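Each protein sequence line maps, in turn, to chains A and B. Residues 1 to 321 in this note's numbering are what the first sequence lists, from first letter to last. Residues 322 to 653 in this note's numbering are what the second sequence lists, from first letter to last.
One or more hints might be untrue.
What the hints assert, rightly or not - Quick look at which bits of chain A chain B covers, simulated, 3 or more residues with Cβ under 8 Å:
1. 46 to 54
2. 119 to 131
3. 185 to 198
Quick caveat, the hints were computed from the structure, so don't treat them as lab data. Source: prediction; values computed, not measured. No residue lacks a Cβ here, since even glycine has one placed at the ideal position from N, Cα and C.
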Amino acid sequence: MKKIVKYAAGALVAAALALPGGAFAQDKDAKATIGVSIPAATHGWTGGVNFHAQEAIDELKAAYPNLDFVLATAGDPGKQVSDIEDMMATRNIDALVVLPFESDPLTSPVKRVADAGKFVTVVDRGLSQPGIQDLYVAGDNTAFGRVSGEFFKEKMPDGGKIVVLRGIPTTIDNERVEAFQASLEGSNIEIVGMEHGDWNRDKAFEVMQDFLSKHSEIDAVWASDDDMALGVIEAVKQAGRESEMWVLGGAGMKQMIERVKAGDTMVPADVTYPPSMIATAIRLTADRFVSRAPMAGRFVIDSVLVTPENADEHYYPDSPF
Amino acid sequence: MSAEAKVEPQRRRFAVDLHVIGPLLALLALVILGMSLNDQFLSAGNVTNVLARSAFIGVIAVGATFVITIGGLDLSVGSMSAFLAGVTIIVLNSLIPIAGGGWGTIILGMAACLLLGLGAGFLNGILITKGRIEAFIVTLGTLGIFRSLVVWLADGGTLSLDFNLREVYRPVYYGGLAGIAWPIIVFALVAIIGEIVMRRTAYGRHCAAIGSNEQVARYSAIHVDRVRLATYMLQGLLVGIATVMYVPRLGSASSTTGILWELEAIAAVIIGGTVLKGGFGRVWGTVVGVVILSLIDNILNLTDLVSPYLNGAIQGVIIILAVVLQRGRKGA
Chain A
1 MKKIVKYAAG ALVAAALALP GGAFAQDKDA KATIGVSIPA ATHGWTGGVN
51 FHAQEAIDEL KAAYPNLDFV LATAGDPGKQ VSDIEDMMAT RNIDALVVLP
101 FESDPLTSPV KRVADAGKFV TVVDRGLSQP GIQDLYVAGD NTAFGRVSGE
151 FFKEKMPDGG KIVVLRGIPT TIDNERVEAF QASLEGSNIE IVGMEHGDWN
201 RDKAFEVMQD FLSKHSEIDA VWASDDDMAL GVIEAVKQAG RESEMWVLGG
251 AGMKQMIERV KAGDTMVPAD VTYPPSMIAT AIRLTADRFV SRAPMAGRFV
301 IDSVLVTPEN ADEHYYPDSP F
Chain B
322 MSAEAKVEPQ RRRFAVDLHV IGPLLALLAL VILGMSLNDQ FLSAGNVTNV
372 LARSAFIGVI AVGATFVITI GGLDLSVGSM SAFLAGVTII VLNSLIPIAG
422 GGWGTIILGM AACLLLGLGA GFLNGILITK GRIEAFIVTL GTLGIFRSLV
472 VWLADGGTLS LDFNLREVYR PVYYGGLAGI AWPIIVFALV AIIGEIVMRR
522 TAYGRHCAAI GSNEQVARYS AIHVDRVRLA TYMLQGLLVG IATVMYVPRL
572 GSASSTTGIL WELEAIAAVI IGGTVLKGGF GRVWGTVVGV VILSLIDNIL
622 NLTDLVSPYL NGAIQGVIII LAVVLQRGRK GA
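Extracted from the complex, chain A is given alone in its bound form (with noise of 0.2 Å):
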């Protein structure tokens, strides 16, 4: 419990407003049900989502039991709109806290439940229409590429030769991606390939397998993800080339940083895409219920980069991801 209190704190920016004070105790007699639909856990970093939603569901309905959640995870965005509307229907939510698993399609959903009066939060991926969430709490997929681009301009000051994984194509690998190559620009560093790795361990072992037989000569990988940048340690391996290049991930798997923290020449660093920014938006969320400070506006979870000096604070061992 004292774990989970500290990473919550650390998680937090606004720890403080999390914490419940004596001086509304009026409002918290009124019940309010809180409706959470997420992407299901289908790859390493939605596993991360699924638990810290659960996480802090558990502990906020501890803390103040006149809250209520309801969670749903969703494997496509069809079902998703689905979710939200069964939560509508059925379980009369005063609230959603939404990680949309495309913009698109559920913007229009997502405006129904604003339209009838719900407060609404969205997280990571913004809706395509501005304006429809009273509190929006979001990763920085800019920050992400550049403060990876940046990484490598300062490990690689005279330049060299690169390859790049990237995600499944999506407007989160494109910011990511440009911003990555616009923080290059100036630089002597020269990608000389690009793949999508789809953020798949395995797919990733074989697009690097394939690098590896094409380039002699690599001196550092942005694997853009933390799974694929095992996969790619692994073909790296496989090939015998540890000593030549260095591979960068991205996200802050529990695995990574552990050997960041020791210190690992293959991964001198990490990139944090926090998964745990949906416990911030389900916190910030719940104290609209339970506390009277203010709860609109936008927070934003900076990327950050790793090193072996700061990874213990990056570091969750009970987390799956």
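Assemble the complex: chain A is given as a structure, and chain B must be docked to it using the hints.
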């Protein structure tokens, strides 16, 4: 008259030949394309990579050849493999304190994986034969069940094999005999045995008989249900064998393990000349089909010819072309 009579059989022989060598032609074309695009293509390293990564789908697809030949379908193989990998990792990790961190543990883990594969195949088979449910529906159901179970076992994250045990287990994927990687050897053995079973045994002929006409097979005193059940169990066992080789590759299983393997296996089987509605199966053709599919990926990665966004489209075109090559003249 006599001239016409001469032309007719010639044409027909040509058609039969093309039907048989169609997949081989497609494979040859891909190899020539690969050679001309990248001089690393035929290097020992690249050939080993391509064949070793084909081995998982390959071993599974040999099983799928039998399943499709009896007129069935198994959509659950990818999920089953993920589930088996997950359970195997859990078994291996929990055996360390009891059996130690050596080969004994790994052999126990492998045995568990194979047994569980047989069991999963038995589940599919019994539901199809005794439950009288369409294979498509049964295996669609078990696809969802196995996939969910692995997500549940992994808590939505990743199951990872104990680091030290992994180092012991690693040679099963990365090691080999006389310079040939183990997965390639296993794939070759499974394919050769599969081909012999399909061509030379009563079981293989029963499979084809059931696939072409179940009623006639029944009247011919073939134990249709028994052959069917055995075929789904064989498929399960082969998924187990593939998983035993898969686990040491990345030492982990997650919800993305084995995703869409079932469709790749089915595509390979059909490219190889097995008839989708059953009655005729060709194991060596499946092997060619699997290698074709891996080569497409490999060639696309080795070159910058097309936008990576279009990889799927190229694969689709080549799959259809490979099938057209062998069927185009069938009616002539």
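Hints, one by one, checked against the model:
Requiring three or more residues with a Cβ within less than 8 Å of a Cβ of chain B, the coverage given for the stretch 46 to 54 of chain A holds, as 5 such residues are present. Check result for the stretch 119 to 131 of chain A against chain B: violated, 0 residues qualifying (beta carbon to beta carbon below 8 Å, three or more required). With a cut-off of 8 Å between beta carbons, the stretch 185 to 198 of chain A has 4 residues touching chain B; three or more are needed, and the interface restraint holds.
Of the numbered hints stated above, the single one contradicted by the structure is hint 2.
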